[in-house]
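As given, the protein sequences belong to chains A and B, one line each in that order. Count the first sequence with numbering that gives the first Met the number 0 and you get residues 0 to 257, in order. Count the second sequence with numbering that gives the first Met the number 0 and you get residues 0 to 330, in order.
FYI, nobody ran anything at the bench for these hints, they're computed from the structure. Just so you know, these numbers come straight off a predicted model, no measurement behind them. C-beta: ideal position from N, C-alpha, C; glycine also. Keep in mind that a hint or two might mislead.
Residues from chain B shown here face chain A by an in silico Cβ test under 7 angstroms; the list is partial [stated by the list, open to error]:
1. Ala210
2. Arg213
3. Ala214
4. Gly215
Within a straight-line C-alpha distance of at most 25 angstroms, the following computed DSS-like cross-link-like pairs (lysine-lysine) qualify [what the hints assert, rightly or not]:
5. Lys114/A - Lys217/B
6. Lys114/A - Lys6/B
7. Lys322/B - Lys271/B
8. Lys6/B - Lys127/A
9. Lys194/B - Lys108/A
10. Lys220/B - Lys71/A
11. Lys108/A - Lys217/B
12. Lys127/A - Lys182/A
13. Lys71/A - Lys194/B
14. Lys327/B - Lys6/B
15. Lys71/A - Lys127/A
16. Lys108/A - Lys129/B
17. Lys271/B - Lys129/B
From the derived model, a few chain A residues whose C-beta atoms are all more than 12 angstroms from chain B [as the list claims (entries may be wrong)]:
18. Asn13
19. Gly22
20. Ser24
21. Met129
22. Ile204
23. Gln210
24. Arg219
25. Thr232
26. Ala234
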Amino acid sequence: MTEPLLVLDNITKNYGAVQALQGVSFSIAKGEVIALLGDNGAGKSTLVKIISGGLEASSGSMMFEGKEFRPKSPSQAKAAGIETVYQDLSLCTNVDVVANFFMGRELTKSIMGIKVLDEKRMEEQVAKAMANAGTRIPSLRSKVEHLSGGQRQAIELNRFVHWGGKLVLLDEPFAALGVEQTKRGLEMIRQVAAQGIGVVIITHIMQQAFQVADRMVVIRQGVVAGDVPRKQTNADAVIGMITGETLAGTGPGMGAGQ
Amino acid sequence: MPPRQRKVLEFVLDNLVWFMLLVVLAIFSATIPNYFQPGIFANVIEQSSVLGVMSIGLALVIIAGHMDLSVESVAALSAMATGILFASSGIGMGITLTPGWLVVPVSLVIGLAVGGLIGALNGYLVIKIKMNAFIVTLSSYIWVRGLVVAASGGRSAQNLAPDLRFLGIQRFLGIPLTAYIAIACFIGFSFMMAKTRFGRHLIMIGGNEAAAFRAGIKVDKVLMIAFVLSGAIAALAGWILAIRTSGATANLGTGLLFNAFAAVVIGGVSLKGGVGALPGVYAGVLLLSSINTAINLMGLPAHYTQVIHGLLVLAAVLLDTLKQTIRKRLA
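Looking at chain B on its own, in the form it has when it is part of the complex (with noise of 0.2 angstroms):
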């Protein structure tokens, strides 16, 4: 094969999701009705801010060969966090501050610490004790949204402090402020994975973690970093989620975490470690939130959502299978 044509089959393969994602935009801009609208579109971006902050944290883990069930959970207690400290309704504690936007970095600074501990104590049973981050993260998914429950009563918080508000209702180029925290999140990972040396070391542990320990890698203290990151990163996505709601509910977030495997997956991360780019799993949220988008607009009932989130797991997979006999090809 020509040099040249190699370059193009593989900067393809290596962006498929991209591709997939204008295929699918490209199909429902022409068959649906109304799909093909700057609003729309806008709308998407919207959409998946919440889940793509969420799913940057999750793939850290998975590229570095470990799991994070409980960043669902982590970001419902960032956001109820939140919601009882900065909301004036419900269980809201009203908290005002002097100056007011004192309350944006006030809370952020609360969700992650909220998060990051999480997250650390995640990486301390995992990496010290070695217990398996299945079981470790599943029983974190589990205890903190109880924590969440718990500390609600059940009940929610509303209105949440106007200034905070503001990021999700004031709109640049129709798109609020809140996505741009998910995209600047997404371009700032990224490069974090692609070009440090942090993000490479990340890598090679999920490739071959006894040969980056005999390297001189410092295993253990980089997947410490990385669990600390994934919980902060997913308190961030509660941030964004409490805003978007203007508050916070028990159950806020339920189901989160599926579709943060989901776009993963389909990003391209593959589940053994190692393997994957955060830029594709943007590719893989924005894919999810049209195809919702697309639903919506058809006017089918919700329901069939899950069916075709589950659908398009598998297809994923398959896609990725493929891939690799291709390469194999290559090589």
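If we strip away everything but chain A, and leave its shape as in the complex, we get (with noise of 0.2 angstroms):
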């Protein structure tokens, strides 16, 4: 756990004269779960969604693998392996389950030199991803829209841990699951960082960063407010660092805390 995969270095974001991050800096080693913590508007979907090149930070240095990184779109930060889950739901109601499921990166077969969708293929690797997930979806034929809640998160959650990459970005993910799904979701995301992948997972439900989480990266007012890891804190300190009661965190500026 010693290798870093992704090193942020004080990272800004101005919108106009608001600053949502004031310099953000720490680190993700391959095969760690982080917990990013923080309360509303703290700045850590604005953090996730630079890291995912959905924007572009004001200023600071993103290093991933080692190599500067600077992600200008979505699919620059897919090519480099940083899969996103987002926090309001990504997926595509008007198509069924297999589209959703290969969004952007459809399987194509050559027909007479022209590529053509390969949906047999398509479809095989979806219903083997979710059965592996132990996620029951009537038909992957049913277009997204027909689908619960539920169904829908399980769909993005299967996504991510059948693509994998080398970094997944987790933004609530389980807001609308039950509690048996949750649980599941959680072994996953653990069985990803076995992998070898690093995971970030926002979440605002304490239980479950402890439960997944390797180490705790507390987001206050755009700076990280602690950077501690699991072991050696509790969930008293944490929500002490997110309201700025204690200040037990290594403070902004300082990098990763090993």
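Assembly of the complex is requested from the two constituent chains, each provided in isolation within its own frame, with the hints serving as guidance.
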């Protein structure tokens, strides 16, 4: 867990005069699960969007696998190996489960020189991925608009597990899931991390963070207010960092606490 | 519900327009004297070639969640360009090429280029400058038509080059070659929408643009291609129109836009984007033109056509709502 996968150095983001991020620095190792915590408006989602290419940082730098990293679009971040599951669902409800699963990287086969969607192969892979995760969806060919909120989120989670990549960002992935599905989701995260994939999970539920994360990174008012290993802290201390009652972390600009 | 029954029901829902077309044709054949004969059906297909082609381009952009009101004027401009260059009477310059058939590809390329260019301009303003597609293409609808009137001085070009006319006159199985162009377009673009990544991406963008972007789809590029295609396809429709009328007039094709909209909506394309398929649109076009033919045969004043088209659009939207309810119950 020593080799850093992603290093953030003094990342800032301004929206006009509003400073959403005022210099965030921390690092993620391979196979590490980080819980990104913080109150509403602390800047967590902004940070995730910067890493995933949805937004560009105003200043600061990122190193991904030891190389300067500055994604200009989600497709660039994806190409580098960063998968993101967003808070508001990122599904196209007007197409079926299979199409959503392969959104943006559809499999094709060549028929007389024309690249044609390989529906059969895609459906097989989706069926396999869903079965592995224990997710039951009546028909992979039904449009997502006819599925429940829980089923939709399950699709998103299975999608990131399937594609893996090198780093996974999860922005409140369990908001619409039931108890059993959440448990399975947390297990999936551990499985993914065991493969050496870095995971950043944003959550509001302290219990989830302590169940799954190796390290807690707390953002408050656009800076890192705490960066502590799970084993050296407890829920009360973390809540204190979130609300600003205690300053138990390394503070801004200090980099990753190892 | 047993899976088999469910499959049948879903098939019917997916192809509802085609069933409507069959029912309408059956009713007309049974009640209107002389309707049921090959010549009439050939006529229906022939009548729908220009509108059909134009509806394809419009449908692509609407499925992608945008709008293109300029298709009618672009078609007129393409027709006028063909007329001015290759017609020999009126304002036609009567340019001849050797060999004579060369006029077909040359006029087609000129038309497509003009249409594609206007489509690219529309696309640029909508995608890069982030202007509203409705306003941008409404403006194009107006200025392009203005250009047609200005270029022609309000006059017309007649007597199109015989090699071009050939496509409109020569029949195969009772149907002129131009109608086959429309059918080929429907087959080709239906394939593109249903079986290729580009088509899939277009549908997804229409459904949830943000999700498509986050998934790494190059939304701007795909949309730009859609606008260019819409312009070029409209130009193709105009080219066919010029061939059918053997020239072009300044007001050629006026009113086609609304018929194209009607066909697209009847064909099951939602104006909200993301929903619809091209085969349905073709059925919508055929439905409109079979009704037109019926009105002609019955000797009703043509003014009723518009009333019926309007009601048909309403019925189509109503039916779509009904379909949604049934589908919800199916899932």
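- For which of the previously enumerated hints does the structure constitute a violation, in increasing order of number? 6, 13, 15 and 16
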